[in-house]
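Those sequence lines, one after another, are chains R and X.
Quick note: the first sequence uses my numbering, first residue 51, plus one each step.
Quick note: the second sequence uses my numbering, first residue 397, plus one each step.
Honestly, the hints are just simulated from the structure, not real lab data.
Hints are not guaranteed to be accurate.
Computed far set for chain R versus chain X, every beta-carbon distance over 12 Å [to be verified]:
# : residue
1 : TYR72
2 : LYS129
3 : GLY138
4 : SER163
5 : GLN165
6 : LYS238
7 : THR242
8 : ASN256
So, partial list: chain R residues that the calculated Cβ filter (under 7 Å) puts toward chain X [said to hold, decoys possible]:
#  : residue
9  : THR294
10 : ARG295
11 : ALA305
12 : ALA308
As the structure is a prediction and not an experimental result, all values here were calculated from the model.
Here a beta-carbon is modelled for each residue, glycine too, at the ideal position from N, C-alpha and C.
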Amino acid sequence: MRLVAVVDASVNIPGLEDLTMYRSVASVPFAGRYRLIDFVLSNVVNSNINSVGIFPSYPFVSLLDHIGMGKSWDLDRRKEGLFFLPVGLRKGNHLGVGDFEALEEHMDFFRKSRQQYVVITNCFTVCQLDYNEMLDDHLASGADVTEAVSNGTSLRTYILEKSLLVHMIKTFRQQRVISVEDVVNLKKNYYTYNQYEYTGYHAIINSKESYFAESMKLLEEPHWRSLFLPDRPVYTKVKDEPPTRYMEGSSVKSALVANGGQLEGIVRNSIISRAVIIQQNARVENCIIMQKCVVEEDCDLSYVIADKDVRIEAGTVLHGTKEKPIVLRKGEHVMKEDAI
Amino acid sequence: MKKEIVAMLLAGGQGTRLKELTYTVAKPAVPFGGKYRIIDFPLSNCLNSEIHTVGVLTQYQPHILHHYIGIGTPWDLDRRNGGVTMLPPYAEKEGIKWYDGTANAIYQNLRFLEQYDPEYVLILSGDHIYKMNYELMLEFHKQNDADVTISVIEVPWEEASRFGIMEADENMKVKEFAEKPEKPKSNLASMGVYIFNWQKLKKYLKIDVENEESTHDFGKDIIPLMLSEKEKLFAYPFKGYWKDVGTVASLWEANMDLLRSDSGLNLHDSAWRIYSSNPQLPPQVITRNGEIQNSLVNEGCIIEGEVSNSIISQNVELRTGSSLSESVAMSGVVIGHDATLIRTIIPPNLIIPDGFQAEGKDGEVVLVTEELIAEWKGSDE
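With the hints as extra help, turn the sequences into a complete structure.
In structure tokens:
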């Protein structure tokens, strides 16, 4: 138990506003039955880390509802476990991972934790990173800070000694730096740096377009196989949905489908979340349909992202493009006449 | 801590007629409906009926059941007061006393019940698939000022001789009870669901245990004894889906009932949800070769072949060229390429080789086993 984890859940992602009107980036749905934060929290528990601080910013009600006491991740512990450490309004929605002003608000968390090292990470990088392996690499390198990278892309995840982090938090104003990410990017010469090369699945969700593209990529076998690893499960909030019901006359191909659905229409190359209803003769192609959406009969949708609780009236035709998918916002009720 | 009502769930049954499916698990732990175990139904009924104190009596192959129920979290039974308590047989100064009959199992746990000093005790069995509001039954019991209320369901007359049959007057007061009568006088079958006034239950269990002739069974001994003593027995007419899944054929039928919208058994009804332990599994993957008609499929599955009129549990893999119809594939089953299975039940974790063929003919259902696969391999050579 060498590591304590810091999940910076208050990094702002401009360009994802359609999906973050009522929630933080951390609770954006992904891969049919997950929220973005599930992947990082699962990495934490799959790396045998028992102590994790989540630093969310407003609006975090949806995130709090999702995580609760951390039971689904086995983090509801007497000793250590999950700490929800909200960040003040002014300090939320910053741009760099490991924002010092935000961390400064919760110095107690660092003071009380017994671990020698800290991993600082984010919610918008979906991967299967093992922080323990990364720590071994960090220790072997002898560097002050290690950054996880994959093929030249930063995963914006950092490991350093806790005492060094505390020092950084105490001195960031004099040093004119704003976040751990900032320090690493500037490569200030009073620290030494190391890069840990990660080779597994990764997706960085930093815009509506990358959200859609990464989701569609997941439908390809090599990608879903490398994200859904039997020995490193992705944990999420438990819902008591029944198995998905495929009705007579339905046709579903190349799809990721969560439980609780009732599918009667045609689905091609799409991601279908929990408890979605797709009625008779509706066609859903290259779409992401989120929790509890209802696609009524005879609809024809392609390149559409339908957020949670969207209802699409019978006969509606909506065609986006691969580059510009149509986003239907949470709870929207789309009438046939609205569609162009 | 006093409780108005405590449920006692009899979950020690072996279920021999389920053959290989119960070699290593008790009948209530047998998988059902692609995600559930039989015992999820009475446990979920308890949660949905606001009954939060449940004793689960186990005996035959209890390990999976104990592990599965744990502290009762999926059914909201992880409580400081009450909650779920697993009640296997235990040893006393005189030695171990195995549960000998349903009534005896309750008798041996009188002390468990005494600590709650309940007004009423609800006796349930872990062998049936049904959704029932026990609160309504308790209301009925109170209104009639009954000593015992037995839940009954109308069964087809031609099947009545397979059940414990109640004859009741127009107020549903029980006049006569006959266990598996040759010539049934009514078609009201006991569902194995009883509400007893606690004091009466205690009294008759103590009388029954002294009777060496008794088989210590609620249906065969306790109910007839109470009738003969002129106690007030009422039959509560239950309307809805109920099925004893005691045989391979009836287990298959109940699974198939999930696919018929007119069967009365609907898992998608959020007003009466069935709760179950939720393993953390990825979404189901349907590949470009997959084809699914009128079926239920759970998470963690990879479907590359054809599925019709079937129930597919978690982590099932169906490879290309294979087809599964009118079948129940339990968790972890892997079906190789070009296999055909029609009217079958495939027990958990079975590996079906490429090209395997099995079909339940003339209304039969095939329970696929290691032996059957070995036989098929032998005949193939």
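Right, here's what the structure says about each hint:
Consistency note on TYR72 of chain R: stated as away from chain X, and its beta-carbon is indeed over 12 Å from all of that chain's, at 22 Å minimum. With a least beta-carbon separation of about 19 Å from chain X, LYS129 of chain R lies farther than 12 Å from that chain, consistent with its non-interface assignment. With a least CB separation of 34 Å from chain X, GLY138 of chain R remains clear of the 12 Å interface cut-off, as annotated. Here SER163 of chain R stays apart from chain X, with its beta-carbon at least about 26 Å from theirs, past the 12 Å limit.
For GLN165 of chain R, the shortest C-beta to C-beta distance to chain X comes to about 25 Å, beyond the 12 Å cut-off, and the non-interface label holds. Listed as a non-interface residue, LYS238 of chain R keeps its Cβ farther than 12 Å from every Cβ of chain X; the least gap is roughly 41 Å. Every Cβ of chain X is farther than 12 Å from the Cβ of THR242 of chain R; the closest lies at roughly 39 Å, confirming the non-interface assignment. The beta carbon of ASN256 of chain R is kept farther than 12 Å from every beta carbon of chain X, the shortest such distance being approximately 23 Å.
For THR294 of chain R, the shortest C-beta to C-beta distance to chain X is roughly 5 Å, which falls under 7 Å, so the interface hint holds. A cut of 7 Å between beta carbons decides the hint on ARG295 of chain R: the least distance to chain X is about 6 Å, and the hint holds. With 7 Å as the threshold, the beta carbon of ALA305 of chain R comes within range of chain X, its nearest partner Cβ sitting at about 5 Å, so the hint holds. Contact between ALA308 of chain R and chain X, as hinted, is supported at the beta carbon level, the nearest pair being about 5 Å apart and thus within 7 Å.
The earlier numbered hints are all upheld by this structure, with none contradicted.
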